[in-house]
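K.L.:
Listed below are the residues making up each chain.
There are 2 protein chains.
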Amino acid sequence: MAPLYVALLHFPVYDKNRQIVTTAVTNMDIPDIARVARTYGVRRFYVVTPVQALRELAARILAHWASGWGASYNETRKDALALVGLSEDLDHTITDVERDAGAPPLLLVTSAQTTHPTISYAQLRLMVADGDRPLLVLFGTGWGLSEEIIQRADHLLPAILGTGDYNHLSVRAAAAIILDRMCGRREELQEAYS
Amino acid sequence: MAPLYVALLHFPVYDKNRQIVTTAVTNMDIPDIARVARTYGVRRFYVVTPVQALRELAARILAHWASGWGASYNETRKDALALVGLSEDLDHTITDVERDAGAPPLLLVTSAQTTHPTISYAQLRLMVADGDRPLLVLFGTGWGLSEEIIQRADHLLPAILGTGDYNHLSVRAAAAIILDRMCGRREELQEAYS
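If you read the sequences in order, they're chains A and B.
Residues in the first sequence are numbered from 23 upward in steps of one, following my numbering.
Residues in the second sequence are numbered from 23 upward in steps of one, following my numbering.
The hints are simulated quantities; they were obtained by calculation from the structure and are not laboratory data.
A quick note: this is a predicted structure, and the numbers were derived from the prediction, not measured.
Warning: the hint list may mix true and false statements.
Copies of the same chain look alike in the list, so a pair counts if it works inside one copy or between any two.
Below 20 Å or equal to it, Euclidean Cα-Cα: the simulated SDA-like pairs (lysine to any residue) are [to be verified]: (1) Lys100 x Ala151; (2) Lys100 x Ala134; (3) Lys100 x Arg82; (4) Lys100 x Ala81; (5) Lys38 x Ser94; (6) Lys100 x Val43; (7) Lys100 x Ile116; (8) Lys100 x Asp187; (9) Lys100 x Ala85; (10) Lys38 x Asp101; (11) Lys38 x Trp91; (12) Lys100 x His190; (13) Lys38 x His190.
Taking the hints into account, I'd like the entire structure generated from these sequences.
P.N.:
The structure is reproduced here in structure tokens:
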């Protein structure tokens with residue numbers, strides 16, 4: 023399996039008026055996406071924010087669940103949160119992945135607005151199953167990743183489309199669906215989609 | 023498309039020591055699963071709790087987003103939360119589905135512990151795409167649905183398995199993945215899994 027990494031960017035992302043903002047780190051995203059990452063064999067899940075105070079707060083919360091009372095109260099949360107890394111921006115995140123995996127990662131970007139994806143989930147499954155190039159999947163908070171980040175991507179993943187026009191999943195739900203499509207156990211999926 | 027319904031049960035579910043408990047209604051589950059439900063054409067998403075005070079609290083929060091400031095601030099949340107119904111137990115939920123759909127629903131149960139599923143996602147996709155019998159998918163909070171509920175199910179869905187042993191997704195992530203597997207747009211999935 024290719025070394026797989028996930029990053030959740032809190033900057034630079036859009037707000038509802040398409041202004042570039044920094045979003046708050048929330049206590050919902052981290053354990054949820056960490057459990058998904060742990061389920062699908064992700065090596066590290068980066069929470070990326072330029073705000074040092076929020077990285078420090080997140081580090082304190084992670085420490086609570088990593089040792090002492092929190093760790094014994096909820097062991098599956100501890101196992102998931104052990105994957106979480108805190109990072110100040112995308113460049114530092116890429117450097118950290120390269121240090122861990124020994125090669126720079128391919129940047130994969132997801133967006134509900136993607137109309138011309140450059141890769142299919144079938145191709146992604148092959149890259150994950152048979153490749154050795156590290157993969158870094160970027161998710162944006164707020165109203166999505168800024169154009170500047172999207173331009174840096176090696177690949178745009180297909181948007182997750184439902185049965186109608188509504189495409190406003192939470193980033194937690196989108197991350198769950200995309201990692202399941204990329205990495206969900208193959209025999210399960212063959213059965214599921216044959 | 024078969025009339026599709028989702029219910030999130032806060033009772034009877036297990037706690038970490040496998041005692042039957044009533045869990046709290048949280049402000050994380052409702053909008054997240056509502057957005058997933060809206061994406062995949064679900065007709066109604068039931069939040070099920072026997073605690074009247076929690077149903078009243080949830081109703082107040084829903085009203086905030088349904089009208090006035092909340093509705094204009096976040097329209098996509100409003101559209102998703104419009105699907106939410108509050109219900110006191112499974113029997114009332116089933117009655118409500120029957121009233122809406124004109125026939126009693128097939129009960130579909132999901133559990134991370136399912137080792138012998140009675141239906142595949144491929145079969146489920148057919149039931150959704152071509153069937154007319156209403157389907158009600160049950161999700162449990164806490165450490166999962168009680169055996170009593172599981173026994174009532176017409177079908178047990180396959181557990182969501184990742185790349186290893188870890189199967190401790192949040193109910194929000196599990197709901198997103200399962201609805202995507204059941205209803206995700208077919209041409210997307212053919213491309214994705216061909």
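K.L.:
Work down the list of hints and note, for each, if the structure agrees.
P.N.:
Hints, one by one, checked against the model:
Taking the shortest Cα distances, Lys100 and Ala151 never come within 20 Å of each other, neither inside one copy (27 Å) nor across copies (40 Å). In the homo-oligomer, the alpha carbons of Lys100 and Ala134 lie at most 20 Å apart only across protomers (18 Å), although the nearest pairing inside one protomer, at 31 Å, exceeds that limit. Taking the shortest Cα distances, Lys100 and Arg82 sit within 20 Å of each other inside one copy (13 Å), while across copies they are farther apart (34 Å). In this assembly of identical chains, Lys100 and Ala81 lie within 20 Å of each other by CA distance solely inside one copy; the values are 13 Å within and 33 Å between copies.
In this assembly of identical chains, the alpha carbons of Lys38 and Ser94 lie at most 20 Å apart only when taken from different copies (12 Å versus 40 Å within one copy). For a Cα distance limit of 20 Å, the shortest separation of Lys100 from Val43 qualifies neither inside one copy, at 31 Å, nor across copies, at 23 Å. With identical chains, the CA atoms of Lys100 and Ile116 are never at most 20 Å apart, being 25 Å at best within one copy and 37 Å at best between copies. Taking the shortest Cα distances, Lys100 and Asp187 sit within 20 Å of each other only across copies (15 Å), while inside one copy they are farther apart (38 Å).
In this homomeric assembly, Lys100 and Ala85 come within 20 Å of each other (Cα to Cα) only inside a single copy, at 9 Å, whereas the closest approach across copies is 36 Å. In this assembly of identical chains, Lys38 and Asp101 lie within 20 Å of each other by CA distance solely across copies; the values are 16 Å between and 34 Å within a copy. Taking the shortest Cα distances, Lys38 and Trp91 sit within 20 Å of each other only across copies (15 Å), while inside one copy they are farther apart (39 Å). Taking the closest pair of Cα atoms, Lys100 and His190 come within 20 Å of each other only across two copies (11 Å); inside a single copy the shortest separation is 30 Å, beyond that limit.
In the homo-oligomer, the alpha carbons of Lys38 and His190 lie at most 20 Å apart inside one protomer (12 Å), although the nearest pairing across protomers, at 33 Å, exceeds that limit.
Against the hints set out earlier in the document, violations occur for numbers 1, 6 and 7.
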